[in-house]
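J.: Spelled out, the chains give:
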Amino acid sequence: MSFYLGWISEAHPAVPAWVTLLFVSILTAMILCLAFEEKLHAKKSVIAGLFAILCLLLGAVFGLLPFGPISVGGHEINLPVYIPAIDWGVIAIILGSSLFVDVTSRTGLFTWIAIRLTKASGGDPLKLLVFYGLMTVVFSAVLNNVTAMIIVGSLSGVSLKKLQQEDKLLGFLLVEGLLTNIGGLLTLVSSVPNIIVGNAAGIAFIDFFLKSSAYVLVATIVTIALGSRLFGIHRLSSEEEREQARELVAGFDENDGIESRFFFWFGAMMTGLFILTIASTSVLPYIQDLGMGFVALSFAGIMLVRYKAVADKFYEAIDWDLLGFFAALFVVINVMEHALVLQLIGTGLSTIIDAPSDIAAAGLLAVSAIFSSVTDNIPLAAMLAKILQAREHVPEQLWWSVIFGANLGGNLTPIGSASTLVAVTIIHKYKIKLSFAGFIRKALPYALVHIALAIIYVLLFF
Amino acid sequence: MTRIDQFESVFKSADKPLFRYEPFSVGTPLVLTDLDDEAAESFAVLSGKYTGAGGSREVSGQRVIKGSDFATIEECLDLIAGEKPDLICTYRGLHSDCWRWGQSLGSYVEVLTQTVKVPVLVFPHPASAAETIAAAEAGCRHVMAMTDHLAGDSRLVNAALFFTPAQGTLHLTNLEDQQVFERYMEAIDKIPSIDSAAARDSVLAQILKEARDYIKSCRAVVEEQALDVEIQETVELGLHVADYKRLAAARDVDLLVMNTRDSGQLAMHGLAYELAVELNDIPLLLL
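Which chain is which? The protein sequence lines are G and W, in order.
Mapping to the numbering used here: the first sequence position 269 is 269, numbers consecutive.
Mapping to the numbering used here: the second sequence position 258 is 258, numbers consecutive.
Take these hints with a grain of salt, some might be off.
What the hints assert, rightly or not - Below, simulated DSS-like cross-link-like pairs (lysine-lysine); rule was C-alpha separation at most 27 Å, straight line:
no.	chain 1	residue 1	chain 2	residue 2
1	G	K43	G	K431
2	W	K209	W	K190
3	G	K161	W	K16
4	G	K431	W	K49
5	W	K209	G	K313
6	W	K84	G	K161
7	G	K442	G	K168
8	W	K209	G	K162
9	G	K119	W	K16
10	W	K12	G	K161
11	W	K12	G	K433
12	W	K49	W	K12
13	G	K161	G	K127
14	W	K16	G	K127
15	G	K442	G	K127
16	G	K162	W	K16
17	G	K442	G	K431
18	G	K313	W	K190
19	W	K49	G	K119
20	W	K216	G	K161
21	W	K12	G	K162
22	W	K16	G	K168
23	G	K431	W	K12
24	W	K12	W	K209
25	W	K12	G	K119
26	G	K119	W	K209
27	G	K119	G	K161
28	G	K429	W	K16
29	G	K162	W	K216
30	G	K119	G	K162
31	G	K127	W	K12
No lab work stands behind these hints, which were simulated from the structure alone.
Could you put the whole structure together from the sequences, leaning on the hints where they help?
T.: Here it is in structure tokens:
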């Protein structure tokens, strides 16, 4: 540490080493507070917001912040220092896509798909696990992993209760929770770390999908097979049981949630178009300049026309805590950059990053996974993206190591990702006892397999 | 976590009980009277018009217990236990003259409905007003199954279907208790975190929708089974006894079918008793 601090002090004499250390302790405190968010009974946005205020204040006191006008398109404009610190492209993607998904879910499209699959399974537990597993992956990839977990998790609770198979609910919810983080690897917009790291690395949507899909497929099959084995989820043995299960799931009416047939098909068409447009943003003329955030917000705007009179209800449903958290987090990280904290961490990580390429990739993936398992993977992804961006000639392997590690670390603990937290919430809602340590014990075999597979994948294919 | 509840509600709403067609089995009905030979036989003919013992359905004749066969409730119950019937046909005011005032079913019938597990078909007393008897003798064309919770009650619908003849009409009636509904809405009105107007509209729409969806599934099964029966639906909010009486009169109903027991309850439940007493000019099937 003293070696790194000495090096930084020599390279940047304007920032004393003790100031950097002070900001390191602030960053550590924020990460700890975020990890114990539940215990503190405080929302992420409030925690990150308070730390952002503290960082800005101290940044101003120590003269770290670049006050003054900024140049936009040749024009100098005055903006508060914390406004350009925020990555508005990421905020726009998250705001637009969550609004789009929320409005589209009102068409009954996602519940229609979920119920059709339930009926197609005939109520057989193993088929149900396969269908729900695949649905979790696809929904996580297309929507986001929290929404996917909410849809598939709540359906699992209702359908297993109906099938009198509640004893298998823990297995279903755990497997689905883990699969949200696998599905979150499928596309550039499937999870926030993908958006942050993908944008920083300049990975295009199609390129991202092509490179991650083989891993997602293998990991999904392995997870479902392991889930079936470890939780004893098997096929129904007798024809009588199968007939009874078929009759029970036949009671589900997939059309129940569809208010308007026209809007249902419109929603289906818009979802397809949304995925296509997002996928081709980087090559579409004009759209490529406006970015994915514009695409997401535009689609949300078009869908809102159907509910123009009650659009405010959808605005109320937006996860403002998440958006506030991102904004504050970007501010904190920006100040950390000026305080040379990121440089210090980057220098510390250089023992891993500068190691022979295979060791570097495996090490960075493992370290990212471990860190993102105990704290939010978003600050980690944002920080590592900044650190890698600051380096010259970063091998592609390393970017993917961060992407895989940040996503898969969420499977190690119940607080590792928002979607596993949702899975645990549903588990507790159904009065199933599962402690923090209990989750780790049950999830560990899967998480280790996922991480080991990812290391092999990154080493072999990148 | 309101979004979990939101999606859970969507899936719970999509999970609908379906009508299961299991033809109601009567076997050999038991006709229970306090009349002498000739009068007992004519009551047996009347009840046969409903149960099909007259030849319209697969019912293997009927046994008759006459007035001279028993003198006490205990003897009556012993005779019934010995016969092991699937259905008992009797009339209000059996071994009693309470039917003249219409305030009670009579002690025999009341005990019967509490102690015997099989359905009881209760006719107006054979000595009732001529028009009441004439209406009963005309037979059963329009049957009404009435309840405050129809969804999932296949037994009630199957029983009502059994008594509905070919080309007859089966009225499936779900009357939600307005007083209970208002009581809950009053409580909701006092909770600041709940939008009262939205709650009223949503709760009412949901409880009525459940019954309507179930009737839709009944219609589908009736069609699938090629039963020549017209299903009419009445699903509304109302005041139980008064509105059931109104609906029965408006639909010119020949037989009312209703549940009388709640799980874990020995005696006839409140609403069934009130209806059984008040609707004294219409045959009732008490399940």
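J.: Does K84 (chain W) pair with K161 (chain G) here, judged by a C-alpha cut-off of 27 Å?
T.: violated, 38 Å
J.: For K127 (chain G) and K12 (chain W), compute the direct alpha-carbon distance and say whether it is at most 27 Å.
T.: Cα-Cα ~21 Å, so holds.
J.: Taking 27 Å as the top limit, are the C-alpha atoms of K442 (chain G) and K168 (chain G) close enough?
T.: holds, 14 Å
J.: Under the criterion that the straight-line Cα-Cα distance not exceed 27 Å, is the pair K429 (chain G), K16 (chain W) satisfied?
T.: holds, 22 Å
J.: Tell me if the straight-line CA distance from K209 (chain W) to K162 (chain G) falls inside 27 Å.
T.: Given that 27 Å is the threshold and the Cα spacing comes to 20 Å, the pair holds.
J.: Holds or violated: K119 (chain G) with K209 (chain W), Cα cutoff 27 Å?
T.: Roughly 22 Å separates the two Cα atoms, so the pair holds.
J.: Is K161 (chain G) within 27 Å of K16 (chain W), Cα to Cα?
T.: Cα-Cα ~14 Å, so holds.
J.: Taking 27 Å as the top limit, are the C-alpha atoms of K431 (chain G) and K49 (chain W) close enough?
T.: violated, 54 Å
J.: Compare the distance between the alpha carbons of K12 (chain W) and K119 (chain G) with 27 Å, and conclude whether the hinted pair is satisfied.
T.: It holds: about 15 Å lies between the C-alpha atoms, which stays within 27 Å.
J.: CA of K442 (chain G) to CA of K127 (chain G), is that 27 Å or under?
T.: The hint holds at about 22 Å.
J.: Check whether the Cα positions of K162 (chain G) and K16 (chain W) lie no farther apart than 27 Å.
T.: Status holds; Cα separation ~11 Å.
J.: Given the proposed pairing of K43 (chain G) with K431 (chain G), does the C-alpha separation stay at or below 27 Å?
T.: Given pair K43 (chain G), K431 (chain G) holds - Cα atoms ~24 Å apart, limit 27 Å.
Of the numbered hints given earlier, the model fails hints 4, 6, 12 and 19; all others are met.
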